[in-house]
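In case you want the letters, here they are:
Protein chains: 2
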Amino acid sequence: MDSYFIPFLDPQLLMVRYNEISRFLHRTPILTSKSLDFENNASLFFKCENFQKSGAFKMRGVSNAIFELLLKKEKPEGVVAHSSGNHGQALAWAAQSHDIPCKVVMPSNASEFKKKAVLAAGAEIIECFPTILARKAAVKKVCKNSAFIEIHPSNQPSVILGQGSAAWELLEDCQQRDVSLDWIGVPIGGGGLAAGTGFAVSVWNNLHGTATKVFCGEPSGADDAFRSLISGKIEFNKNPYTVADGLRTELGDINFPIIKKTIKEIYLVSDKEILEGQIKLAERLKIVLETNCSPPFSAICKNLERFNGKKVGIIISGGNVDLRSSVWGE
Amino acid sequence: MDSYFIPFLDPQLLMVRYNEISRFLHRTPILTSKSLDFENNASLFFKCENFQKSGAFKMRGVSNAIFELLLKKEKPEGVVAHSSGNHGQALAWAAQSHDIPCKVVMPSNASEFKKKAVLAAGAEIIECFPTILARKAAVKKVCKNSAFIEIHPSNQPSVILGQGSAAWELLEDCQQRDVSLDWIGVPIGGGGLAAGTGFAVSVWNNLHGTATKVFCGEPSGADDAFRSLISGKIEFNKNPYTVADGLRTELGDINFPIIKKTIKEIYLVSDKEILEGQIKLAERLKIVLETNCSPPFSAICKNLERFNGKKVGIIISGGNVDLRSSVWGE
Chain A
15 MDSYFIPFLD
25 PQLLMVRYNE
35 ISRFLHRTPI
45 LTSKSLDFEN
55 NASLFFKCEN
65 FQKSGAFKMR
75 GVSNAIFELL
85 LKKEKPEGVV
95 AHSSGNHGQA
105 LAWAAQSHDI
115 PCKVVMPSNA
125 SEFKKKAVLA
135 AGAEIIECFP
145 TILARKAAVK
155 KVCKNSAFIE
165 IHPSNQPSVI
175 LGQGSAAWEL
185 LEDCQQRDVS
195 LDWIGVPIGG
205 GGLAAGTGFA
215 VSVWNNLHGT
225 ATKVFCGEPS
235 GADDAFRSLI
245 SGKIEFNKNP
255 YTVADGLRTE
265 LGDINFPIIK
275 KTIKEIYLVS
285 DKEILEGQIK
295 LAERLKIVLE
305 TNCSPPFSAI
315 CKNLERFNGK
325 KVGIIISGGN
335 VDLRSSVWGE
Chain B
15 MDSYFIPFLD
25 PQLLMVRYNE
35 ISRFLHRTPI
45 LTSKSLDFEN
55 NASLFFKCEN
65 FQKSGAFKMR
75 GVSNAIFELL
85 LKKEKPEGVV
95 AHSSGNHGQA
105 LAWAAQSHDI
115 PCKVVMPSNA
125 SEFKKKAVLA
135 AGAEIIECFP
145 TILARKAAVK
155 KVCKNSAFIE
165 IHPSNQPSVI
175 LGQGSAAWEL
185 LEDCQQRDVS
195 LDWIGVPIGG
205 GGLAAGTGFA
215 VSVWNNLHGT
225 ATKVFCGEPS
235 GADDAFRSLI
245 SGKIEFNKNP
255 YTVADGLRTE
265 LGDINFPIIK
275 KTIKEIYLVS
285 DKEILEGQIK
295 LAERLKIVLE
305 TNCSPPFSAI
315 CKNLERFNGK
325 KVGIIISGGN
335 VDLRSSVWGE
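Protein chains in written order, with the numbering used here: chain A, 15 to 344; chain B, 15 to 344.
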């Protein structure tokens, strides 16, 4: 466990923090479906972060990151991140609500849909070449030439901690219904949601004497986390290819130790299974969700025996889909 | 006002009834969107019946119809309806939950998606030629050869009364938030939801001394209700054509007198406006909704001055979309 998290091993401290940042967040609903439960012979509880502010769980991490900046010192001159998707949008929204300037480095090939969303939240876009090196360099330049502070999407303690609040709310709301979850499933890409969920669930288990376990669903076309958990060190993707475009990224040195300690299993799913899962969830739950959301659900559909009769929470990570240029299930 | 409704002009009786049938229904959530409010300069409250059991508000009408059958006498031998869409599916679900046999007359060209949903709810499908005459004849035959009772989708008092419960819940939940709605908007096709909403809102206004008004959105390609409200008698569609396939039907002799008394305005919207409204609602609210839902929202977008600064409730009627064969916005 990263030393940063040790103070939060006191569950009361974690609850206070999650309560503090909840003012900047929606408490998203939990949806259920009798027909999906019947088909999968399990009780499924979908925590719908597609309804979160900015349309994704990413709002949780950036809200906590900004909260910590404000705790430590004066309001920062600004915040910056590189992102082609939900992290940039969330940071822009969170910064705007605190009147903090925000710059988002976006690759020149980012869609107009995504650029529009970042601009709508009042951030400035800095365009760069569509490579990870160019993106990092552009952020570095901003930080060098100003007092802007970088907020990383997945490999920063305050962000990881914030992401864990989705699982915490899910556990609280299930407890209210007298449901003790056997599993919580999340998608894994950069590792921020996975580490945050693993951490929050372990604190919850300590507090309540429960034994909820965490698993991840990962695209087989970007299976670095699956291989990392086997080898015990961070593995990389050579040519990641998957329709789940938010899950092509890799783990970081801060989140990986937490993932190693707290994630029980990672299941690989194919793009076909991801798309099938997405369309089934959309049709049954009547929600718009990204391809990035479906890996944990697709993993259940693929491993029915493993989850037979179990109570499983699933975090639906986001709903920012450009429907005008989408065809479902293809 | 139809004489059937007079006993319910006592609001207490209506509340008791709505409370009784609520056991068979979901209390659907109300969604809001800051960006949609900003763009339309109005406060919009979306009552999401796409999350209702069976995926549509139709569950309300059939639940009340079956409740009344059970109040009056022994459990019926069975129930029957003709439907190519949500009414049949809702009736099948409601009948199944009361262990009542159900037959649904469906045109031979109904989609596999819709047939599957009716079968999944345990009903028997009776296929017929795809004409309204053939559909009516098939229902008549079932009723003649058995003691099955027909449940009409829109022109039956118990069904109309049940549909009104969506608006009643919307008004209650808005009251809880200290919001008094200026308008409630609904789509209009067969007239069941419109009449039920108009009736329920007039009872609410009597009870609370409020002045909430009801308007409808109607496709210009099936503008019979718009013309009927002008001429004062039921007008018909010669060749209805609209992407909102659930709104091609016509008003009935039971719901029209209620509509005449309780609906203030009907706005026509083109198919282009309907599709634009659907995709905007899906992208912003992150919900799956039918083309049939968007006319009242599209009417607001089209008549911004009329609704400027107003508090408007909108009933999102259903979410049964075959995403596998859909392209959004086309």
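Worth flagging that the hints you see were computed from the coordinates, not collected in a lab. Take the hints with a grain of salt, since some may be wrong.
When chains are identical, the list treats them as one kind, so a pair holds in a single copy or across two.
No farther apart than 20 Å at their CA atoms in a straight line, the calculated lysine to any residue pairs in the SDA-like style are these [to be verified]:
id, residue 1, residue 2
1, Lys87, Pro43
2, Lys48, Arg262
3, Lys247, Ser57
4, Lys130, Phe19
5, Lys286, Ser111
6, Lys129, Ile244
7, Lys67, Lys324
8, Lys294, Val257
9, Lys294, Glu126
Under a CA distance limit of 20 Å, which applies to Lys48 and Arg262: within one copy, between copies, both, or neither? neither (33 Å within a copy, 31 Å between copies)
Within a copy, between copies, both or neither: where do Lys247 and Ser57 come within 20 Å Cα-Cα? neither (34 Å within a copy, 52 Å between copies)
Between copies, within a copy, both or neither: which fits Lys129 and Ile244 at Cα up to 20 Å? The answer is neither: 38 Å in one copy and 46 Å across copies each exceed 20 Å.
When Cα atoms must be at most 20 Å apart, do Lys130 and Phe19 count as within-copy, between-copy, both, or neither? neither (36 Å within a copy, 50 Å between copies)
At most 20 Å between alpha carbons: which applies to Lys67 and Lys324, within, between, both or neither? Neither way: Lys67 and Lys324 sit 30 Å apart in one copy and 24 Å across, limit 20 Å.
Homomeric proximity label, Lys294 with Val257: Cα distance no greater than 20 Å: For Lys294 and Val257, only the intra-copy Cα distance (16 Å) is at most 20 Å; the inter-copy one is 23 Å.
Is it within, between, both, or neither for Lys294 and Glu126, if the alpha carbons may be no more than 20 Å apart? between (28 Å within a copy, 16 Å between copies)
Within, between, both or neither: how does the pair Lys286, Ser111 come out at a Cα-Cα threshold of 20 Å? neither (39 Å within a copy, 35 Å between copies)
Between the shortest in-copy and the shortest cross-copy C-alpha distance, which are at most 20 Å for Lys87 and Pro43: within, between, both, or neither? Neither way: Lys87 and Pro43 sit 34 Å apart in one copy and 40 Å across, limit 20 Å.
Of the hints listed earlier, those the structure fails to meet are numbers 1, 2, 3, 4, 5, 6 and 7, in rising order.
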